[in-house]
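Here are the chains, one letter per residue:
Number of protein chains: 2
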Amino acid sequence: MMMNVPLTVGAMMERAEQFFPEKQVISRTSGGVSSFTYIEIGKRTRRLASALAELGVERGDRVATLAWNHHRHLEVYFAAPGMGAVLHTINIRLSPEHIIYIINNAEDKVLLVDEDVWPLVEKVKNQLKTVEAFIVMTDSEELPESDISPLYSYEDLLEKGDERFAFIKDLDENEPAGMCYTSATTGNPKGVVYSHRGIVLHSFALGLADTAGLSEADRCMPVVPMFHANAWGLPFAATMLGTTQVLPGPQFTPKLLADFIEKEKVTITAGVPTIWLGLLNELESGDYDTTSLRAVLCGGSAAPSGMIRAYETKYNVPFLHAYGMTETSPLVTVSKLKSYQDDLGEEEKLDVRSKQGLLVPGLEMKVVGERGEVEWNGEDMGELMLRGPWIANEYYRDDRTEEAFRDGWLHTGDVVTVDKEGIIKIIDRTKDMIKSGGEWISSVDIENALMAHDAVFEASVVAVAHPEWQERPVACVVLKDEYKDEVGKEDLMDFLKPQFAKWWLPDDIVFLNEIPKTSVGKFLKRALRAQLKDHLVIK
Amino acid sequence: MMMNVPLTVGAMMERAEQFFPEKQVISRTSGGVSSFTYIEIGKRTRRLASALAELGVERGDRVATLAWNHHRHLEVYFAAPGMGAVLHTINIRLSPEHIIYIINNAEDKVLLVDEDVWPLVEKVKNQLKTVEAFIVMTDSEELPESDISPLYSYEDLLEKGDERFAFIKDLDENEPAGMCYTSATTGNPKGVVYSHRGIVLHSFALGLADTAGLSEADRCMPVVPMFHANAWGLPFAATMLGTTQVLPGPQFTPKLLADFIEKEKVTITAGVPTIWLGLLNELESGDYDTTSLRAVLCGGSAAPSGMIRAYETKYNVPFLHAYGMTETSPLVTVSKLKSYQDDLGEEEKLDVRSKQGLLVPGLEMKVVGERGEVEWNGEDMGELMLRGPWIANEYYRDDRTEEAFRDGWLHTGDVVTVDKEGIIKIIDRTKDMIKSGGEWISSVDIENALMAHDAVFEASVVAVAHPEWQERPVACVVLKDEYKDEVGKEDLMDFLKPQFAKWWLPDDIVFLNEIPKTSVGKFLKRALRAQLKDHLVIK
Numbered sequence: 001m002m003m004n005v006p007l008t009v010g011a012m013m014e015r016a017e018q019f020f021p022e023k024q025v026i027s028r029t030s031g032g033v034s035s036f037t038y039i040e041i042g043k044r045t046r047r048l049a050s051a052l053a054e055l056g057v058e059r060g061d062r063v064a065t066l067a068w069n070h071h072r073h074l075e076v077y078f079a080a081p082g083m084g085a086v087l088h089t090i091n092i093r094l095s096p097e098h099i100i101y102i103i104n105n106a107e108d109k110v111l112l113v114d115e116d117v118w119p120l121v122e123k124v125k126n127q128l129k130t131v132e133a134f135i136v137m138t139d140s141e142e143l144p145e146s147d148i149s150p151l152y153s154y155e156d157l158l159e160k161g162d163e164r165f166a167f168i169k170d171l172d173e174n175e176p177a178g179m180c181y182t183s184a185t186t187g188n189p190k191g192v193v194y195s196h197r198g199i200v201l202h203s204f205a206l207g208l209a210d211t212a213g214l215s216e217a218d219r220c221m222p223v224v225p226m227f228h229a230n231a232w233g234l235p236f237a238a239t240m241l242g243t244t245q246v247l248p249g250p251q252f253t254p255k256l257l258a259d260f261i262e263k264e265k266v267t268i269t270a271g272v273p274t275i276w277l278g279l280l281n282e283l284e285s286g287d288y289d290t291t292s293l294r295a296v297l298c299g300g301s302a303a304p305s306g307m308i309r310a311y312e313t314k315y316n317v318p319f320l321h322a323y324g325m326t327e328t329s330p331l332v333t334v335s336k337l338k339s340y341q342d343d344l345g346e347e348e349k350l351d352v353r354s355k356q357g358l359l360v361p362g363l364e365m366k367v368v369g370e371r372g373e374v375e376w377n378g379e380d381m382g383e384l385m386l387r388g389p390w391i392a393n394e395y396y397r398d399d400r401t402e403e404a405f406r407d408g409w410l411h412t413g414d415v416v417t418v419d420k421e422g423i424i425k426i427i428d429r430t431k432d433m434i435k436s437g438g439e440w441i442s443s444v445d446i447e448n449a450l451m452a453h454d455a456v457f458e459a460s461v462v463a464v465a466h467p468e469w470q471e472r473p474v475a476c477v478v479l480k481d482e483y484k485d486e487v488g489k490e491d492l493m494d495f496l497k498p499q500f501a502k503w504w505l506p507d508d509i510v511f512l513n514e515i516p517k518t519s520v521g522k523f524l525k526r527a528l529r530a531q532l533k534d535h536l537v538i539k
Numbered sequence: 001m002m003m004n005v006p007l008t009v010g011a012m013m014e015r016a017e018q019f020f021p022e023k024q025v026i027s028r029t030s031g032g033v034s035s036f037t038y039i040e041i042g043k044r045t046r047r048l049a050s051a052l053a054e055l056g057v058e059r060g061d062r063v064a065t066l067a068w069n070h071h072r073h074l075e076v077y078f079a080a081p082g083m084g085a086v087l088h089t090i091n092i093r094l095s096p097e098h099i100i101y102i103i104n105n106a107e108d109k110v111l112l113v114d115e116d117v118w119p120l121v122e123k124v125k126n127q128l129k130t131v132e133a134f135i136v137m138t139d140s141e142e143l144p145e146s147d148i149s150p151l152y153s154y155e156d157l158l159e160k161g162d163e164r165f166a167f168i169k170d171l172d173e174n175e176p177a178g179m180c181y182t183s184a185t186t187g188n189p190k191g192v193v194y195s196h197r198g199i200v201l202h203s204f205a206l207g208l209a210d211t212a213g214l215s216e217a218d219r220c221m222p223v224v225p226m227f228h229a230n231a232w233g234l235p236f237a238a239t240m241l242g243t244t245q246v247l248p249g250p251q252f253t254p255k256l257l258a259d260f261i262e263k264e265k266v267t268i269t270a271g272v273p274t275i276w277l278g279l280l281n282e283l284e285s286g287d288y289d290t291t292s293l294r295a296v297l298c299g300g301s302a303a304p305s306g307m308i309r310a311y312e313t314k315y316n317v318p319f320l321h322a323y324g325m326t327e328t329s330p331l332v333t334v335s336k337l338k339s340y341q342d343d344l345g346e347e348e349k350l351d352v353r354s355k356q357g358l359l360v361p362g363l364e365m366k367v368v369g370e371r372g373e374v375e376w377n378g379e380d381m382g383e384l385m386l387r388g389p390w391i392a393n394e395y396y397r398d399d400r401t402e403e404a405f406r407d408g409w410l411h412t413g414d415v416v417t418v419d420k421e422g423i424i425k426i427i428d429r430t431k432d433m434i435k436s437g438g439e440w441i442s443s444v445d446i447e448n449a450l451m452a453h454d455a456v457f458e459a460s461v462v463a464v465a466h467p468e469w470q471e472r473p474v475a476c477v478v479l480k481d482e483y484k485d486e487v488g489k490e491d492l493m494d495f496l497k498p499q500f501a502k503w504w505l506p507d508d509i510v511f512l513n514e515i516p517k518t519s520v521g522k523f524l525k526r527a528l529r530a531q532l533k534d535h536l537v538i539k
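Residue numbers (full-length UniProt numbering), protein chains in the order written: chain A, 1 to 539; chain B, 1 to 539.
In short, the hints are calculated from the structure, not lab data.
Wrong hints could be hidden among the right ones.
[To be verified] Pulled a few chain B residues facing chain A out of the computed Cβ check, cut under 10 Å:
{"id": "1", "residue": "Met2"}
{"id": "2", "residue": "Ala11"}
{"id": "3", "residue": "Thr182"}
{"id": "4", "residue": "Lys338"}
{"id": "5", "residue": "Leu363"}
{"id": "6", "residue": "Gly388"}
{"id": "7", "residue": "Asp398"}
{"id": "8", "residue": "Arg400"}
Computed from a predicted model, the values in this text were never measured in an experiment.
For each residue, glycine too, the CB sits at the ideal point set by N, CA and C.
Make a model of the complete structure from these sequences and hints.
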């Protein structure tokens, strides 16, 4: 039979060290931009792993990070699982209350924190019940003054570490390697635990020619934070494949991203639509060379087709729509044309590519409507359900597990259609659908239509209680600065009218200066719904 | 944690049915060339699986094939593992004695046989101890007359089968799914058992952009037989990815392959060097359009760089050297340039690409010489050892297991060098190395040099016993027809002299009409050695 060799995260770093020792990780920290070879990153990772062991971290213990995208964070990505511990990435944009909850729920033993996030830790330190050591991800000179103890500088620990530390190999591939909490609509964030097996298989999935096709030749810049679903698994896969990594560090701006793309000849980058909206503005105002880019991976929420069109036609940058969630490691679908769809016209192609795409190999899906599995006709809607070796089967110590994980399937809470090619299109979150007079209206469809208007910067459509129809859509719109005094409610309504059935049109359009967003950059519809709760009743 | 979903062969066929129902399998049988969609192949596969169950095949039972590359064989590839049984592909070119041994050793319960291989079965039938049913892979009209019983026609069985048969999902991914015997230097062939896990992971490996990059857009023609290491796993991977498959059927000729490449717009093909040597001759004599080809995967033994050059420069067809063996599923290395090697000159690139290449993700290797692991300097030689989830850990019920599998590593018996990039080059089989006066001489190096000579069609160099030096090399050469009266021993010796140290030069060159080959097309050095045993002593 075949050898019983487990799939391990440590082996992925070993591959980079062995076969791509001189390939580079370019990293921006508060101290500036530096380059490291994989052989250096490997040694530093091993030093860190040995230092963590010195600090008392044992197999299965959680090692938490509050950090941006940079080489030190990458080292923790491999050091923690490489010694048998669990990498727990914490979203630095969460509220202090949620951060306290998360750290205590995960029982984190060590906390590694970026310098600029340190004030947050000072604020919550007295409520952390399990943390035995704090590490600031900097050198000793930059260590902040604090009465927290024990407090270490990252570089000091590395200096004392052992660069020949051996990664753990004799483990069960189903043991935990990583952990990430995802925001809930209400209540505390929910924890998802990633196994070695899941992370390695997911890395293979990212390298398939038919998905992201990540390869050694790529220069990969994840803009999606490393505290958000492992930056979509890219740091893991890129390391396994010997890909050059470009990590944009803290507090980046669209200008910084554009500069990095040009200077570091980035070939593939990844992030949420709001990032690409910002970058698009920057590209339009500056004079950047983006010819190195072969793919912009976009996920987290649906990208408006107008934006996809702008990237592809104005900047000749292929946009790769993807779908996933924290619970799914996250890669679930990628929207690439099938070979025979090359015959379609340009508009039809854009139509297909604006959808979320095709299920990646290794996963299973079904779409369940009110009368069972829906037909794959591009029209019937149902909730997307998923199964597979990199799909979670529970929330960590959380009784909300039962809602989402039933009968062996993850119930995503996303309403989708599936066309005859098997390509899914997200219609809405189950909870964001608008139920008007017994019929469903998709908030996302109206948003996308609004965002295709030249004057509109952002738009979010929410359900507002209505005395007669139960719910009706209200649109919240942010205009581009230059249109602020020129475009009004009526203009946008006239723009929408030809595109929708009359009863789909919003009852009102509210102009805002900004749409409130979640910590991962998605529209915070809950806040808008609260704000507009009585909007239609009073009127 | 992550869902406990096993990796199964059945799920790969389901993906083709669901997402690529109209993509095609083009299949040549003795009846001609036909096309089937994946939805048809899927239904036929399910019919076959249900028919096998009717015949009494149970979980873990071996279902054997004696067949060429065609759609029916592909259906058995998925029907047997899809119902929990084991696909056992038997090399039709083996001697009757070995076939009897294999079938009895594997305890095959059902035997599926191509029409033109049937006479072989008639010859051995009385010595098969376990076979309970014989199936000729044809329709009922073409069923041969025979006193063998029970004897079924494939298409008859399918007709009675159930096209909604459900593939088994609740299995341990480490359960056996496939089986193949590999020829031994002496004695009976040795059995290797493939697990569901190994086959699925191997399929992912074939789809990586950095290896073969197999994708939905490909039109894949495996020339390597489906009875030889699962046609290098291509039928499995191609099905999972929705790739169009072109299966060239029985008794194909170089002309038939060239016609298929042109007519079916083949993008990727795979086989041993002797196949490509034959095809090269055909391409040179005909007028074929080979522009669709993006890769010729070549493995089984080392391809001479002269041939690689001819394909690439004359026909603009990228040659992709690969390495593997039955024990390794088989993909181990692929020779693609690393991105930064693009700066090399054309000759240096060819040099790199003539090597066996870089270890694919998911495996581990070490190279062990007489003084432990060798330096990666491109010169030090050692035996290649491998570890990983698609590497075998034993021969099936065979006490030769201990020779090859020790300390958790497969000892490949291949002597290699590793350059500083980690790229391996096969120097020789341990047993084919020539030990002259206490120093090693590589037979393969001299063969490649000879095959680069315009007049040489094939060359094989073997060790011959020598009274003084222990062993000395003797070259066996087949000249191209047009050179047969023009080129002699002295010409070839003069050609070799500037390329080697004096003591590496063969003691003699023997001209033959043909080099004897193994059933999988490799030079049968054992036969040459026997033939030349006393060559140098007598002289």
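Status of the hints after comparison with the structure:
Because the beta carbon of Met2 of chain B sits about 4 Å from the nearest beta carbon in chain A, less than 10 Å, this interface hint is met. For Ala11 of chain B, the shortest C-beta to C-beta distance to chain A is roughly 7 Å, which falls under 10 Å, so the interface hint holds. Taking 10 Å as the C-beta contact cut-off toward chain A, the hint placing Thr182 of chain B at the interface is violated, the least distance being around 15 Å. The interface hint given for Lys338 of chain B is met, as the beta carbon of that residue sits about 6 Å from the closest beta carbon of chain A, less than 10 Å.
Given the 10 Å rule on beta carbons, the hint for Leu363 of chain B holds: about 9 Å separates it from the nearest Cβ of chain A. At about 5 Å, the closest approach between the beta carbon of Gly388 of chain B and any beta carbon in chain A falls short of 10 Å, and the interface hint on this residue holds. The beta carbon of Asp398 of chain B comes no nearer than 13 Å to any beta carbon in chain A, farther than 10 Å, and the hint placing it at the interface is violated. The closest approach between the C-beta of Arg400 of chain B and any C-beta of chain A is roughly 16 Å, which is over the 10 Å cut-off, so the hint fails.
This entry does not satisfy hints 3, 7 and 8, going by the numbered hints stated previously.
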